[in-house]
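Number of protein chains: 2
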Amino acid sequence: MLGNIIVGQSGGPTAVINSSLAGVFKTAKDSGCPVIYGMRNGIEGLLRERVVDLSEKIKSGLDIELLKRTPSSFLGTCRYKMPDYTKDEEPYKKVFSILKKMDIKYFLYIGGNDSMDTIDKLSKYSDATNSDVRFIGIPKTIDNDLAMTDHTPGYGSAAKYIAATVKEIICDARIYELESVNIVEIMGRDAGWLTCASALSRSEDCDGPDLICLPETVFDYNSFMNKIHEIRKEKTAITIAVSEGIKTADGKYVCEENGRSMSEDVFGHKMLGGTALYLSDFIGRELGIKSRGIVFSTLQRCASHLVSRCDITEAYIAGAAGVHLAINGETGKMVTFDRVCDNPYQIKTGCCPASAVANIEKKVPLDWLTNDNYYVSEKFFDYARPLIIGELTPFMVDGLPRHLFIG
Amino acid sequence: MLGNIIVGQSGGPTAVINSSLAGVFKTAKDSGCPVIYGMRNGIEGLLRERVVDLSEKIKSGLDIELLKRTPSSFLGTCRYKMPDYTKDEEPYKKVFSILKKMDIKYFLYIGGNDSMDTIDKLSKYSDATNSDVRFIGIPKTIDNDLAMTDHTPGYGSAAKYIAATVKEIICDARIYELESVNIVEIMGRDAGWLTCASALSRSEDCDGPDLICLPETVFDYNSFMNKIHEIRKEKTAITIAVSEGIKTADGKYVCEENGRSMSEDVFGHKMLGGTALYLSDFIGRELGIKSRGIVFSTLQRCASHLVSRCDITEAYIAGAAGVHLAINGETGKMVTFDRVCDNPYQIKTGCCPASAVANIEKKVPLDWLTNDNYYVSEKFFDYARPLIIGELTPFMVDGLPRHLFIG
Chain R
11 MLGNIIVGQS GGPTAVINSS LAGVFKTAKD SGCPVIYGMR NGIEGLLRER
61 VVDLSEKIKS GLDIELLKRT PSSFLGTCRY KMPDYTKDEE PYKKVFSILK
111 KMDIKYFLYI GGNDSMDTID KLSKYSDATN SDVRFIGIPK TIDNDLAMTD
161 HTPGYGSAAK YIAATVKEII CDARIYELES VNIVEIMGRD AGWLTCASAL
211 SRSEDCDGPD LICLPETVFD YNSFMNKIHE IRKEKTAITI AVSEGIKTAD
261 GKYVCEENGR SMSEDVFGHK MLGGTALYLS DFIGRELGIK SRGIVFSTLQ
311 RCASHLVSRC DITEAYIAGA AGVHLAINGE TGKMVTFDRV CDNPYQIKTG
361 CCPASAVANI EKKVPLDWLT NDNYYVSEKF FDYARPLIIG ELTPFMVDGL
411 PRHLFIG
Chain V
11 MLGNIIVGQS GGPTAVINSS LAGVFKTAKD SGCPVIYGMR NGIEGLLRER
61 VVDLSEKIKS GLDIELLKRT PSSFLGTCRY KMPDYTKDEE PYKKVFSILK
111 KMDIKYFLYI GGNDSMDTID KLSKYSDATN SDVRFIGIPK TIDNDLAMTD
161 HTPGYGSAAK YIAATVKEII CDARIYELES VNIVEIMGRD AGWLTCASAL
211 SRSEDCDGPD LICLPETVFD YNSFMNKIHE IRKEKTAITI AVSEGIKTAD
261 GKYVCEENGR SMSEDVFGHK MLGGTALYLS DFIGRELGIK SRGIVFSTLQ
311 RCASHLVSRC DITEAYIAGA AGVHLAINGE TGKMVTFDRV CDNPYQIKTG
361 CCPASAVANI EKKVPLDWLT NDNYYVSEKF FDYARPLIIG ELTPFMVDGL
411 PRHLFIG
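Chains as they are written, first to last, in the working numbering: chain R, 11 to 417; chain V, 11 to 417.
Honestly, the hints are just simulated from the structure, not real lab data. What you are looking at is a predicted structure, and each value in this text was computed from that prediction instead of being measured. Ideal placement from N, C-alpha and C gives every residue a C-beta, glycine not left out. Each hint should be verified, as a subset may be incorrect.
Part of the chain R face toward chain V, derived, beta carbon under 10 angstroms [what the hints assert, rightly or not]:
#, residue
1, Arg89
2, Met92
3, Pro93
4, Gly166
5, Ile180
6, Leu410
In isolation and in its complexed conformation, chain R is listed as follows (with noise of 0.2 angstroms):
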């Protein structure tokens, strides 16, 4: 007889995180978990029991359907830091004592790397106690930054939007006959993977952006100027995709130049913004020319009207994978995804230790890059191109896409 499971959502939301939420109902009901639990917004609201019954809110397999066309999170999400259990134990037996009520023998965390890190001490606590829940990690990031994975589960879907963005707003760049500079900040602190996926535009139809900048090269007012200079011999139209992270030799980040003060969440990451609209200022006033900042902000990370189908199916499986993962006795494991082939594409799942992801931040390779650090290469074109191919069609009421929302 298997256990009771809870399956909980976390850190900043992606297209295609309610469909490995699918993947974890659908899975543990088909395998016969009694209850399926969900927290509402993560461990935080789990520490204060804010839980509800699954069932209730997924009843049928039309709602199943829409959940994998909703957005952003549909238990609520928080950013909770677990702290270090020999110093401060209260939340580790608060959890514990919450999981035993509700009699839970699988515990299933869908984030990114501050996730795992929280899989992680879970577990580690648990092997302390001698407690059989199981701690399972599905990966989730729009950043693609999760180590140990070829990619991750929101990836490809942020990238199918970014591109097709792009591709549109270089259409409506080319039509003019003066000259122009299109800055387009993408989000990725510390891993360009987002703001490389522009460069998918690039087709039979489309030039593709220009330049890209990412924050895994150091940013260079001069050679980024040359740049502009050699491009505006060939086009009127200049389009650049900028991670919002970059940042200068001196290790500043690029958007601080504008002045705005800068707020840091409970992690300490600095909260980013402005990258686009300084550098679009920056060139107006070097070359007096029309130039704008396009920030795709949110818009990005939660466009379900447009997801990848590749994606959104490989988030169900990596929901699935974990049910399966847990039901088998693993704990403290994070779901991989492995590639078999780029062409054709086939990946399989596996599974790594949490704490090999927690806490790292996967980059893009510098021999993936062009020489002078601008552009992708062919072996970025290989591995991303799989990853967005494919669409599902949402559900339209009254023209626009219905949503699951949980009240």
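Dock chain V against the given chain R, drawing on the hints supplied.
Chain V alone, transformed into the frame defined by chain R:
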């Protein structure tokens, strides 16, 4: 025997302006016009004889379908203002000599109120000089601010994009337990039609934006903050949609408050931008809560991956109707839409003098707003809902929408 025809595109891009071009091309071809010319970059290109034979650019039925799915102006655009011909006849002589040389009898111009000014002036000069060239305008603008027509092609698709994206932003925002305010900045200098469209996101699964602020009403900081205080009692994640052109009682744009200098275009319009950023900083300072400005920028006018089927079909019909008007001997007119019925939605095409549209902006009627001016009433919903209905599947290649590129 019919004469040759020329068509141009002017002003800002939309997601469906090329569907009107497709309607002109196909209808002119089917009607038997010998040559169908396209102006590159509107009247400005024509003055330099930058003209293409469209049959060489649109070669098949598949090309017509691709053209309909291509955002922005296939032919390029301009923002050129024709002078008063009694003061400067030169450009008129030039245009008419080029038209004569190419044996062109019908001149179609797809654009907004500035473009209708061009149609009006050219047709009046044509009358004054006894030319037999016919001049017809085809309405186009995401802003929906053209007089004499129920609505304009381009509005429905921008409205659908805005409503769908606001819905996704609300999903993204409501998952946190922390209080937050998102300010979404939407295009609209003097007319708030697009900002109103954000309210279409209100549905069974979504609250919609909590406030909307339009250029039609005076923006008042006190009443705005009072409204936010009221909403904070009910919910944690607040979403506000504002037009870029909102002004305070002294006639000053809110976006002028941030101190960035504002340049002007050739029609003397100030280039707006920064309203959301300014207001989100203001709210963050006043309330000490997380606030974010999200600017849709050019994304809202070129999102051909999410067009309204109603809109793209009507844009095509408007192009076709323009050809019929010209062939039937009309001149100095613009194609209009007259609404026959709201529910079920029916329209028919008509026409009006271009002079009745030129340089006039149709605003949102104040009695379509709620009493406090911070929301739209049922009248707006009845008007706008039909305009966003239906989809047109993009042609996807390598995971991205394929467009037709003039090269």
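Tested hints:
Interface restraint check: Arg89(R) against chain V, minimum CB-CB distance 8 angstroms, threshold 10 angstroms, status holds. Residue-level restraint check for Met92(R) is violated (minimum Cβ-Cβ distance to chain V is 17 angstroms; threshold 10 angstroms). Given the 10 angstroms rule on beta carbons, the hint for Pro93(R) is violated: about 19 angstroms separates it from the nearest Cβ of chain V. Hint status for Gly166(R) relative to chain V: holds, with the closest Cβ pair at about 9 angstroms, below 10 angstroms.
The closest approach between the C-beta of Ile180(R) and any C-beta of chain V is roughly 9 angstroms, which is under the 10 angstroms cut-off, so the hint is satisfied. A cut of 10 angstroms between beta carbons decides the hint on Leu410(R): the least distance to chain V is about 5 angstroms, and the hint holds.
Of the numbered hints given earlier, the model fails hints 2 and 3; all others are met.
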